[in-house]
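Chain by chain, the residues:
There are 4 protein chains.
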Amino acid sequence: MNLRDIACRSNLALAESGLVFGTFGNLSIVDRAAGVFAIKPSGVPYAELTPDKIVVVSLESGAPVEGALRPSSDTPTHLELYRAFDCGAIVHTHSEYATMFAQARTPIGCMGTTHADYFRGDIPVTRAMTALEVGADYEANTGKVIVETFRTAALSAEEVPAVLVANHAPFAWGPDAAKAIENARILEFVARMDWRARLVAPNAPRPDQFLIDTHYFRKHGTSAYYGQK
Amino acid sequence: MNLRDIACRSNLALAESGLVFGTFGNLSIVDRAAGVFAIKPSGVPYAELTPDKIVVVSLESGAPVEGALRPSSDTPTHLELYRAFDCGAIVHTHSEYATMFAQARTPIGCMGTTHADYFRGDIPVTRAMTALEVGADYEANTGKVIVETFRTAALSAEEVPAVLVANHAPFAWGPDAAKAIENARILEFVARMDWRARLVAPNAPRPDQFLIDTHYFRKHGTSAYYGQK
Amino acid sequence: MNLRDIACRSNLALAESGLVFGTFGNLSIVDRAAGVFAIKPSGVPYAELTPDKIVVVSLESGAPVEGALRPSSDTPTHLELYRAFDCGAIVHTHSEYATMFAQARTPIGCMGTTHADYFRGDIPVTRAMTALEVGADYEANTGKVIVETFRTAALSAEEVPAVLVANHAPFAWGPDAAKAIENARILEFVARMDWRARLVAPNAPRPDQFLIDTHYFRKHGTSAYYGQK
Amino acid sequence: MNLRDIACRSNLALAESGLVFGTFGNLSIVDRAAGVFAIKPSGVPYAELTPDKIVVVSLESGAPVEGALRPSSDTPTHLELYRAFDCGAIVHTHSEYATMFAQARTPIGCMGTTHADYFRGDIPVTRAMTALEVGADYEANTGKVIVETFRTAALSAEEVPAVLVANHAPFAWGPDAAKAIENARILEFVARMDWRARLVAPNAPRPDQFLIDTHYFRKHGTSAYYGQK
Numbered sequence: 001m002n003l004r005d006i007a008c009r010s011n012l013a014l015a016e017s018g019l020v021f022g023t024f025g026n027l028s029i030v031d032r033a034a035g036v037f038a039i040k041p042s043g044v045p046y047a048e049l050t051p052d053k054i055v056v057v058s059l060e061s062g063a064p065v066e067g068a069l070r071p072s073s074d075t076p077t078h079l080e081l082y083r084a085f086d087c088g089a090i091v092h093t094h095s096e097y098a099t100m101f102a103q104a105r106t107p108i109g110c111m112g113t114t115h116a117d118y119f120r121g122d123i124p125v126t127r128a129m130t131a132l133e134v135g136a137d138y139e140a141n142t143g144k145v146i147v148e149t150f151r152t153a154a155l156s157a158e159e160v161p162a163v164l165v166a167n168h169a170p171f172a173w174g175p176d177a178a179k180a181i182e183n184a185r186i187l188e189f190v191a192r193m194d195w196r197a198r199l200v201a202p203n204a205p206r207p208d209q210f211l212i213d214t215h216y217f218r219k220h221g222t223s224a225y226y227g228q229k
Numbered sequence: 001m002n003l004r005d006i007a008c009r010s011n012l013a014l015a016e017s018g019l020v021f022g023t024f025g026n027l028s029i030v031d032r033a034a035g036v037f038a039i040k041p042s043g044v045p046y047a048e049l050t051p052d053k054i055v056v057v058s059l060e061s062g063a064p065v066e067g068a069l070r071p072s073s074d075t076p077t078h079l080e081l082y083r084a085f086d087c088g089a090i091v092h093t094h095s096e097y098a099t100m101f102a103q104a105r106t107p108i109g110c111m112g113t114t115h116a117d118y119f120r121g122d123i124p125v126t127r128a129m130t131a132l133e134v135g136a137d138y139e140a141n142t143g144k145v146i147v148e149t150f151r152t153a154a155l156s157a158e159e160v161p162a163v164l165v166a167n168h169a170p171f172a173w174g175p176d177a178a179k180a181i182e183n184a185r186i187l188e189f190v191a192r193m194d195w196r197a198r199l200v201a202p203n204a205p206r207p208d209q210f211l212i213d214t215h216y217f218r219k220h221g222t223s224a225y226y227g228q229k
Numbered sequence: 001m002n003l004r005d006i007a008c009r010s011n012l013a014l015a016e017s018g019l020v021f022g023t024f025g026n027l028s029i030v031d032r033a034a035g036v037f038a039i040k041p042s043g044v045p046y047a048e049l050t051p052d053k054i055v056v057v058s059l060e061s062g063a064p065v066e067g068a069l070r071p072s073s074d075t076p077t078h079l080e081l082y083r084a085f086d087c088g089a090i091v092h093t094h095s096e097y098a099t100m101f102a103q104a105r106t107p108i109g110c111m112g113t114t115h116a117d118y119f120r121g122d123i124p125v126t127r128a129m130t131a132l133e134v135g136a137d138y139e140a141n142t143g144k145v146i147v148e149t150f151r152t153a154a155l156s157a158e159e160v161p162a163v164l165v166a167n168h169a170p171f172a173w174g175p176d177a178a179k180a181i182e183n184a185r186i187l188e189f190v191a192r193m194d195w196r197a198r199l200v201a202p203n204a205p206r207p208d209q210f211l212i213d214t215h216y217f218r219k220h221g222t223s224a225y226y227g228q229k
Numbered sequence: 001m002n003l004r005d006i007a008c009r010s011n012l013a014l015a016e017s018g019l020v021f022g023t024f025g026n027l028s029i030v031d032r033a034a035g036v037f038a039i040k041p042s043g044v045p046y047a048e049l050t051p052d053k054i055v056v057v058s059l060e061s062g063a064p065v066e067g068a069l070r071p072s073s074d075t076p077t078h079l080e081l082y083r084a085f086d087c088g089a090i091v092h093t094h095s096e097y098a099t100m101f102a103q104a105r106t107p108i109g110c111m112g113t114t115h116a117d118y119f120r121g122d123i124p125v126t127r128a129m130t131a132l133e134v135g136a137d138y139e140a141n142t143g144k145v146i147v148e149t150f151r152t153a154a155l156s157a158e159e160v161p162a163v164l165v166a167n168h169a170p171f172a173w174g175p176d177a178a179k180a181i182e183n184a185r186i187l188e189f190v191a192r193m194d195w196r197a198r199l200v201a202p203n204a205p206r207p208d209q210f211l212i213d214t215h216y217f218r219k220h221g222t223s224a225y226y227g228q229k
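Protein chains in written order, with my numbering: chain V, 1 to 229; chain C, 1 to 229; chain G, 1 to 229; chain U, 1 to 229.
Watch out, some of these pointers could steer you wrong.
In this list, chains with the same sequence are indistinguishable; a pair is considered to hold if it fits within one copy or across any two.
Within a straight-line C-alpha distance of at most 30 Å, the following computed BS3-like cross-link-like pairs (lysine-lysine) qualify [unchecked claim]:
id, residue 1, residue 2
1, Lys219, Lys53
2, Lys144, Lys179
3, Lys53, Lys144
4, Lys53, Lys179
Derived by calculation from the structure, the hints in this document are not laboratory data.
Using the sequences plus the hints, can you model the full thing?
This is the structure we're talking about:
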């Protein structure tokens, strides 16, 4: 399967995940050797998506190099993230609870092992973008403010593969499309739980970092012991 | 397809949208050239709806001109809206979260880009209706209080194509039936998010107007660049 | 169809309504001319329910007169309600939001027209039952405390066809099984909306009684004008 | 059917219950006469689960005695519970509301008869585990802290067949796999109701112990009178 086939199939998998509403949301995958990434076309309903409608974009120039349709309007955001983060696929959704946290300008707190199995800490929220950043190159600047968020807080994009863009919505990523979708699904799942816990127990103690690390590294890295070898 | 066929099919699409509960809800579409609109009959279960049961009503007199059944009891509300607003279709539902905001007498706040992609600002709530307004011509007066709400606040019915009637439920509209249903669905979606954000972060800063406008005009008007040309 | 057939079919309709969880819940219908009511047997999964398993109970003695199985353990509650209220069918569920209001000892407020279309006022909660009432004839006493609630507050069981038993769950009723189930469904629907409105706007003004009455009587009584003649 | 067949079928039933998200969750059943229990392998998707993939573990040594795959990483927790509690099956899930209560470090309160029909009191939360307990033999220590919770509070594991592990998730158990799953389902159901009741009525009076006992013993023990003999 070539890149556009995988991108098409993965965008359809995203649509089936329940994370996207209407035409909100898109997924891209990168082929770093070829210097390109493949992304959903803008505003095309998932039901009508076929591999030939997928747009291939140059990592260097940001310009489409394959496909007749316009790429997702969020393409420049994906481009900035691929340039800054070492990931293989990026998912953008307006999934309900994660988007709501973005609107509430509130990080999704790492309050338990479900979260720590996937993310080694809170999911950060970007700062609000300025009038200048929104006024021109808005989508590229969205990517830049995400990267700034990780740099400023010294966060690892590998250990925390998701972000909330203030008053907008989440982006999640991973080594491949399946992992990026899984991260987006878990993000929504832990967002639901953190929201409810905050309402009923706003002063609940946070889990110890050693509990978070034990769970994170039970599933990630060289000493992982979850699953089959 | 004639007006009654489209109205029937669109009412069934509304029923499948998950926005209506039981027989609550109705949809109408207007043919301004012909001076009529077509609307669901009153209290007929969606499962039994056929084009011949759709009622056609005169925009001038408000009287049925085609169809043997009684039109929706909300027909006079639709009539007032068609007379005041330049729209092609109107949807009335008791969708859960939007109706709840109507009961809470609380506008649905424009707290993010999901909302701004469809509505250029908060969804307003009408004032409570008086005993006189409720006591006679109740449904026509419901339409009038909606129009008053937009006039008083100098809102554009095109830019904010939805309203909450106090202690009642939402109405949404659009250039055609599909867009009106889509607006009603997004209304419910953003209502869910705003409700949750208000609970967890009652003092969250609102998004800047330039962010709202960028998203609204990315999808509407002559400089829109979302989707395919 | 005889009484047991209708009771079986109606219990299955209740199971499909999404209001019952596991074996929680039961429905009965009365034949006042025959002096009996038919009710679900105790603890039988809905999937295994057949008309011959339905139990017919005497309105006078409260004893089973037809059927080999034990009737629902809530049978004495149904009996008390049939004796006191002029209704044709009774539904008991542990539907989530209504049961939660019963646990919260909080009436479901009539906050809008959706509620008023079915119930002419708040859904009351019984007082807590005493040790004596719980210690013997518990289920009959449950019915008695419901009747007491309506008598004490001078409520009409016809106009408010539902109640919350404190720390237990709702009962709803109606002229026939379909209406009783519909009332139970609307009860759950308005419970969800009232719960959410209370959280976001605890001080929201209540709707005027004339609005409630207009909606209630639009659908009930001799001046009703909703639906087809 | 042998133990691995039942364990496989029961894990699939658990997957269909809606309580597990992704590969979170596992179920084991014990054969005390044979001195073994059968448990889900680690990280295997439910869709790929077959009886030969189930791992059989010795109650005495805790070591696998049958099956080529690694057992669930939570196996030592199950082992501790089988050693301390007289139960036939154990279910671990990350079901949303119960897990959220674990993150909120808040017991699920016994606020009504739905809860009391299955659990004779609140569902306790363990204390947080120490760095030492998490650092080595983490999963066995999870079991030990559960047992400690029951011992310290003098709770009966038979009367309260579930627990919340702080910042982790619930475990539930029962005399057999079907009952353990049912307990896990009711746990989630009452968690949803208690969470909502706490938000809307934080000071609601708790039900009297005699009401709880009447319901609990209506379904359990020698004087039970619910269901068919």
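Hint check results:
1. Lys219 x Lys53: between (36 Å within a copy, 20 Å between copies)
2. Lys144 x Lys179: within (23 Å within a copy, 34 Å between copies)
3. Lys53 x Lys144: For Lys53 and Lys144, only the intra-copy Cα distance (27 Å) is at most 30 Å; the inter-copy one is 47 Å.
4. Lys53 x Lys179: Both ways: Lys53 and Lys179 sit 23 Å apart in one copy and 24 Å across, limit 30 Å.
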